[in-house]
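No gaps in the numbering here: position 37 of the sequence shown is 37 in our numbering, and each next residue is one more.
Simulated from the structure, these hints should not be mistaken for laboratory data.
Warning: the hint list may mix true and false statements.
[Unchecked claim] In silico lysine-lysine, BS3-like type, Cα no more than 30 Å apart, as pairs: (1) Lys180 x Lys110; (2) Lys119 x Lys37; (3) Lys37 x Lys113; (4) Lys2 x Lys63; (5) Lys37 x Lys110; (6) Lys180 x Lys119.
None of the values given here were measured: they were computed from a predicted structure.
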Amino acid sequence: MKLSHYIQVIQVHLITTHAQIFSWFDLPAEVKNYRPKDNGWTISEILEHIALTSHYLMILIDKGAAKARQNANSATLEQNNAHDFDLSRLDKIGRHKSFDWIRPEHMEPKGLKTDFDVKQEMIEQVNRCLNHLDTLKNGEGLLHTTTMTVNDLGRLNVYEYIYFLSKHAERHIAQLNENKREFETLLTFPQMP
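Make the full structure from the sequences, and use the hints.
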């Protein structure tokens, strides 16, 4: 895979995944606020969690992108031709319940933001990611790596961090669907008192 295709795969995933996520904000409030039988998060809480997690990932992505640009001033981008452009090691991140993932407490939803504010924050995060992909289009994103402890991934370059952010959002689409299906089942087959 060439660098341009590698970046394009990440861009397309980021845009299509978040387009799906954004559609969840349009559901009626009773669906978004339905608490599943297992006492898990509501759809609104899942959406807030995605934005919260992306917020903390963006801190690392922004810092990594800045360092990658600095490194590009002193490094040659010739090494990009030898880079393995395989994103498959991040595939499990996008699959709900594919491994145990213990999230930090600061990434748990608190219900302090409106759905509108959460959506606006996500839009801004996606735009920042797309901007980084554009400004690092010559391979600069390979010139800085940061450790990712989730699922023992190890060091990720800036592009991989952006892909991780997008895969994390994808992971929660299955959870959103589970909540909606359960809500719709209760409408079809109401619980007896």
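Status of each hint after checking the structure:
{"no.": "1", "hint": "Lys180 x Lys110", "in the structure": "holds (21 Å)"}
{"no.": "2", "hint": "Lys119 x Lys37", "in the structure": "holds (26 Å)"}
{"no.": "3", "hint": "Lys37 x Lys113", "in the structure": "holds (24 Å)"}
{"no.": "4", "hint": "Lys2 x Lys63", "in the structure": "holds (25 Å)"}
{"no.": "5", "hint": "Lys37 x Lys110", "in the structure": "holds (20 Å)"}
{"no.": "6", "hint": "Lys180 x Lys119", "in the structure": "holds (19 Å)"}
The structure is consistent with each of the numbered hints, conforming to all of them.
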